[in-house]
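Chains as they are written, first to last, in my numbering: chain A, 6 to 474; chain B, 6 to 474; chain C, 6 to 474.
In case anyone wonders, no lab produced these hints; they're calculated from the structure.
For each residue, glycine too, the CB sits at the ideal point set by N, CA and C.
Check the hints yourself; a few may be wrong.
Derived pair list, reagent style DSS-like, types lysine-lysine, alpha-carbon separation capped at 30 Å [unchecked claim]:
no., chain 1, residue 1, chain 2, residue 2
1, B, LYS330, B, LYS99
2, C, LYS473, C, LYS34
3, A, LYS7, C, LYS34
4, A, LYS330, C, LYS330
5, A, LYS473, A, LYS350
6, A, LYS34, B, LYS34
7, B, LYS350, C, LYS330
8, C, LYS34, B, LYS34
9, A, LYS350, B, LYS330
Pairwise CB distance ranges (calculated) [what the hints assert, rightly or not]:
no., chain 1, residue 1, chain 2, residue 2, range
10, B, ASP24, C, LEU8, 51 to 61 Å
11, B, GLN77, A, ALA160, 17 to 27 Å
12, A, ASP24, B, ALA185, 37 to 47 Å
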Amino acid sequence: MKLVMHPDRLFPADTTTRDIARRLYGQIKDLPIISPHGHTDPSWFAENKPFENPSALLLQPDHYLLRMLYSQGIPLEAMGIRRRDGGDVESDPKKIWQLFAEHYYLFRGTPTRMWLDHVFSEVFNLDEALTADTAESYYEHINSCLQQPEFLPRALFERFNIEVIATTESPLDDLRHHQAIKDSGWQGRVITAFRPDPVMDPEHDGFVSNLKQLANITGEDTQTFSGYLAALKKRREFFKSMGATSTDHGHPTAVTADLTRAESEQLFAGALKGELTPQQAELFRGQMLTEMALMSLDDGLIMQIHPGCHRNHNQSLFENFGRDKGADLPVATEYISALKPLLNKLGNDPRFNLIVFTLDETAYSRELAPLAGHYPAMKVGPAWWFHDSPEGMRRYREQITETAGFYNTVGFNDDTRAFLSIPARHDVARRMDCTFLAQLVAEHRITEEEAAEIAYDLTYRLAKQAYKL
Amino acid sequence: MKLVMHPDRLFPADTTTRDIARRLYGQIKDLPIISPHGHTDPSWFAENKPFENPSALLLQPDHYLLRMLYSQGIPLEAMGIRRRDGGDVESDPKKIWQLFAEHYYLFRGTPTRMWLDHVFSEVFNLDEALTADTAESYYEHINSCLQQPEFLPRALFERFNIEVIATTESPLDDLRHHQAIKDSGWQGRVITAFRPDPVMDPEHDGFVSNLKQLANITGEDTQTFSGYLAALKKRREFFKSMGATSTDHGHPTAVTADLTRAESEQLFAGALKGELTPQQAELFRGQMLTEMALMSLDDGLIMQIHPGCHRNHNQSLFENFGRDKGADLPVATEYISALKPLLNKLGNDPRFNLIVFTLDETAYSRELAPLAGHYPAMKVGPAWWFHDSPEGMRRYREQITETAGFYNTVGFNDDTRAFLSIPARHDVARRMDCTFLAQLVAEHRITEEEAAEIAYDLTYRLAKQAYKL
Amino acid sequence: MKLVMHPDRLFPADTTTRDIARRLYGQIKDLPIISPHGHTDPSWFAENKPFENPSALLLQPDHYLLRMLYSQGIPLEAMGIRRRDGGDVESDPKKIWQLFAEHYYLFRGTPTRMWLDHVFSEVFNLDEALTADTAESYYEHINSCLQQPEFLPRALFERFNIEVIATTESPLDDLRHHQAIKDSGWQGRVITAFRPDPVMDPEHDGFVSNLKQLANITGEDTQTFSGYLAALKKRREFFKSMGATSTDHGHPTAVTADLTRAESEQLFAGALKGELTPQQAELFRGQMLTEMALMSLDDGLIMQIHPGCHRNHNQSLFENFGRDKGADLPVATEYISALKPLLNKLGNDPRFNLIVFTLDETAYSRELAPLAGHYPAMKVGPAWWFHDSPEGMRRYREQITETAGFYNTVGFNDDTRAFLSIPARHDVARRMDCTFLAQLVAEHRITEEEAAEIAYDLTYRLAKQAYKL
């Protein structure tokens, strides 16, 4: 069976609309990739070593893929995922690849299938579909590619035409890989982003010890609220000096707060003792978002809030394999009341920049578009995670645009650690945006000239502007 | 750049479906406008004076427009919106128009853009697009039009082919403008609607003093619950005598109640003293909906409930500029439990007529269509406010029709104070309904003959029937 | 007016996509019907007597139809629905049929219209549309058909090409009709399903007396929790021996629990005394789901959860006419927290099989697809009840597939007591699945070869596999 990446893929079948979509896409498909939010490993670009093997590179780190296989009865052990207890797992990457290939049909109709086919075709130049029969030749071909210089991380970065990519690090990270990239003289722009959840969430494992480490790194007394804030401020400055232009906050809810200093100090004291109720912990996290926002007025870092995920829902899986194995699940998420304290304090301040995401699509037309369509400080982040898909993107534009327009959105985030799929993901976003715009043109709602301008903005300009890149 | 209002705008690109949509639209596009719910100013029609200037007419009163501009950093002062503290604001309407024109691109993909282009093209006969370059000539052209007799309010009313329009007034309003219209002998049908929130919501600013005023107007003792009800009944009768066929209730939630007289009186006493908790205030409003419904059995006024809006979310904006400046936001809204007390009391009564709206689209298929598709008293109002848009209307029909059919809906509401955009708004609704019907025909789900009948009903008959016009 | 069941009905108007849909449909349209969840009356197949008359067969038992007529002011009395007080109702089935025909236009755009037209055309070979004018000839024609042998229940079962159909019975049912079918030697496969709500829901009318009856049937002491569980286990075994492969649970919410034995016994004691608070009753039901799941590890019955319905919302209608008259309404339903206790206990167990349904479509992409796309035990049931419709099915596929794929779904359920509409309902599902797949093919997201395989799976294989048929 041929593997065909059709040049019209994702474009509508209607010929009038498809022709417009083609023309729009033709003008933006080769623009550089702006990747302002993601999870690639900076050591790849620092060390520039060959990737290990096809399974370790493409399968094992991808929680989209593990979750689907697991849902259909394939144990994580069979995919070679390390058990915390050191128990036996499959260690032969070829067997893992073969098992995956046999179940590749499960991904029909999912973005994972589109992304991987794109990687196979465009990155590795394969032209037969992945099946049980072709699995072995796939493995050998990809594996031999990975040993060649043009498949080293930096070479791929350049081939992918990435203008800038952001990784995500904890304030406790020393950013040595980012430093090594800087020192290397390589011109690829790999920046960090400041993700303080481990030192801002009192319910995070190791919150207390993380604060001690934060004290060691910064020389501040993190046992007092003022020392704690000073320490965070210092780390923000350090991250900024390493290229960061944004912070990122993955809280369970979008709750923010605007407490008095005394109230904040009292919650902080409780957090240090591990004595906060869940409600108090939520309030503390909410207050800390406001503290971060206040710091952003000075250092100019963009604030991203990614709420609404129930992490590690599957307890035994978590105990056996740890985090990020596909058992994180969306929950209904409220924004109007939750963001009010923060927006009432800073939402009208031209120095504050907030980008809000959701896993709850009902918020698009009901809450996020109305909020972003009013507050100067706030923009809506792109379709995220479970919704980073053709239909997810279609719903996003259909439900956001009429209230918030295009200019209160911020372009695309790939949000991935699957480095090789980055061009595929951006390509899907570009095609779906052109499809949406083509429909507006075909229905005489905007002109094609306007659509071309918007396509450029959505692909390139808005991300650079929103993230100050 | 030409300003083209394409004759096929909003119709689907697929030629089969588009041809059907065209034929359906051709049969209903010239039907008179029925506008049973809106916010135009009756003094326009009473006094029939020229509108002031393009900015005062088209820009400054439009909260859709202010919210988008504000979200992109344009201060309301620059749009000439009066500050409560009397502080400086832009006073030159030409400068305001120019600023708006420079940012008109922000509205791409929004209904505001469609409405305004329609106004420019169809009302003012402009044929170039509004840009920074054409702003001045636009202003001059529109401004000179406004001085001409054919652009006076009554002339436009007639040109727009409005069969009847409802305004909205408080029970404290003396309806002098409606009286003046009656007295003038002009044949345009401008009726009022009874909006008692200021005297029914204990959390409304000035509730207590409003009740005193209500006493003065009616001669009833509004310090007792029975006097209060009697006063409301009298005002309903007065409004009815001035043409009203409906009441309108803009509560934060859809909560209704069915309390004993003693419980109601106790809440009323608390309301008079300003001592109700938020929960009690909600319960009182809920009970008053039921009281209004009971009165409607006698006077026959249709009841409209418009719930689910968080008003004045932006506190500093509210303090500086007051209400209705684009900072009202939708919230998740529950209907099944909320409406149960009212529907259990009166939902089976053929004398009771209830029209329910939502800003929370998740209620369409889950709650509103199932309720309206069962209770004889209840119908679903059209796509409202943030959802008064092509995609909003498409979702409305797709999510309502299969459970409630077409005949438990009530036609279109423009709900606007932007008088000149009324034909544009009705035209969008007519086109989107024809588009939806054309798809049903093209997919052989109904016949074209049926579709034509439904298109007529949705455009004209259902609104007249539901609002007793 | 001709009644035309167009061969392309429900297929998209775009010719490219329609041609693909036609080809896909052509390959699966004649596959046998698998009906794993429904409410037909087993006595029909046991006794194989002629159906009574057109109104009794097609109108009076159909709550979809009653609700729409009722919403437009037609009293249930006029439809001949028996009143509990024995009050007068229409007794002439011809008059009932005429009244219905006069209001058949109300169903335009609803699935009821499609289903009935299909029945009229395909089952009764009628070729004129049902109107007031044709009502009488319709009635006579259908009535005379019903007297003929080829319209007896078993003949229709065979003509409909039903491979297997499940009915639904209470644990208190003796399954005599199923026994009679077995004994008759007829080859039609009619199986039961175990629906224990009447003996598992402490808020069910007659819970206490139902438990006494359960004791009588099983010889177990249902006044102790262990005896109660033993009794349920016995009835599950009996149902299994009569062909059951599944249990079905229609709780108000999706709440599950994982209590200690002592806690369960305490709740059970309270339930017996009728002393549980609503919260405790919910917890008890939730615990009983887990108990049922535990039993399923041994007997292998599939578990179905159908939550989120507010039953008998219209109190006076319920008092006058009883259950299932069209006054059941969906409510917002949460799954992530609700199912956690059950999924944490058994979600990873390969012996456990759970199918979850929803009336709250917001759960598709936010909760159900993510859950089913992770837990090996769980699959998502098809678009249900209010969403068993073309647009409902479209939204289902669009919102489920990208996260859960096709293989975490379970084919179609007709869920109906309207026996004659079963082929119509499956046909709508087949057409809508082919339409969805055709779009994926036309947009080059899957190959047509894959789509054909998926169409077969969705129509036939997945239902058989998920329900072990």
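Consistency of the hints with the structure:
1. Of the supplied pair hints, the one linking LYS330(B) and LYS99(B) holds, its CA atoms being roughly 21 Å apart against a limit of 30 Å.
2. Of the supplied pair hints, the one linking LYS473(C) and LYS34(C) holds, its CA atoms being roughly 22 Å apart against a limit of 30 Å.
3. Our distance criterion of 30 Å between C-alpha atoms is met by LYS7(A) and LYS34(C), whose separation comes to about 28 Å.
4. Annotation: proposed proximity of LYS330(A) to LYS330(C) is violated, straight-line Cα distance about 46 Å (limit 30 Å).
5. Restraint check for LYS473(A) and LYS350(A): the C-alpha separation of about 23 Å stays at or below 30 Å, so the hint holds.
6. The straight-line distance between the Cα atoms of LYS34(A) and LYS34(B) is roughly 41 Å, outside the 30 Å bound, and the hint therefore fails.
7. Restraint check for LYS350(B) and LYS330(C): satisfied, since their Cα atoms lie roughly 18 Å apart, inside the 30 Å limit.
8. Among the hinted pairs, LYS34(C) with LYS34(B) is inconsistent with the structure: their alpha-carbon atoms are about 41 Å apart, more than 30 Å.
9. For the given pair, LYS350(A) sits about 18 Å from LYS330(B) by alpha-carbon distance, which is consistent with the 30 Å threshold.
10. Between ASP24(B) and LEU8(C) the beta carbon distance is about 24 Å. The supplied range of 51 to 61 Å is therefore violated.
11. Restraint check, GLN77(B) to ALA160(A): a C-beta distance of roughly 40 Å breaks the suggested window 17 to 27 Å.
12. As the Cβ distance of ASP24(A) to ALA185(B) is approximately 57 Å, the hint placing it in 37 to 47 Å is violated.
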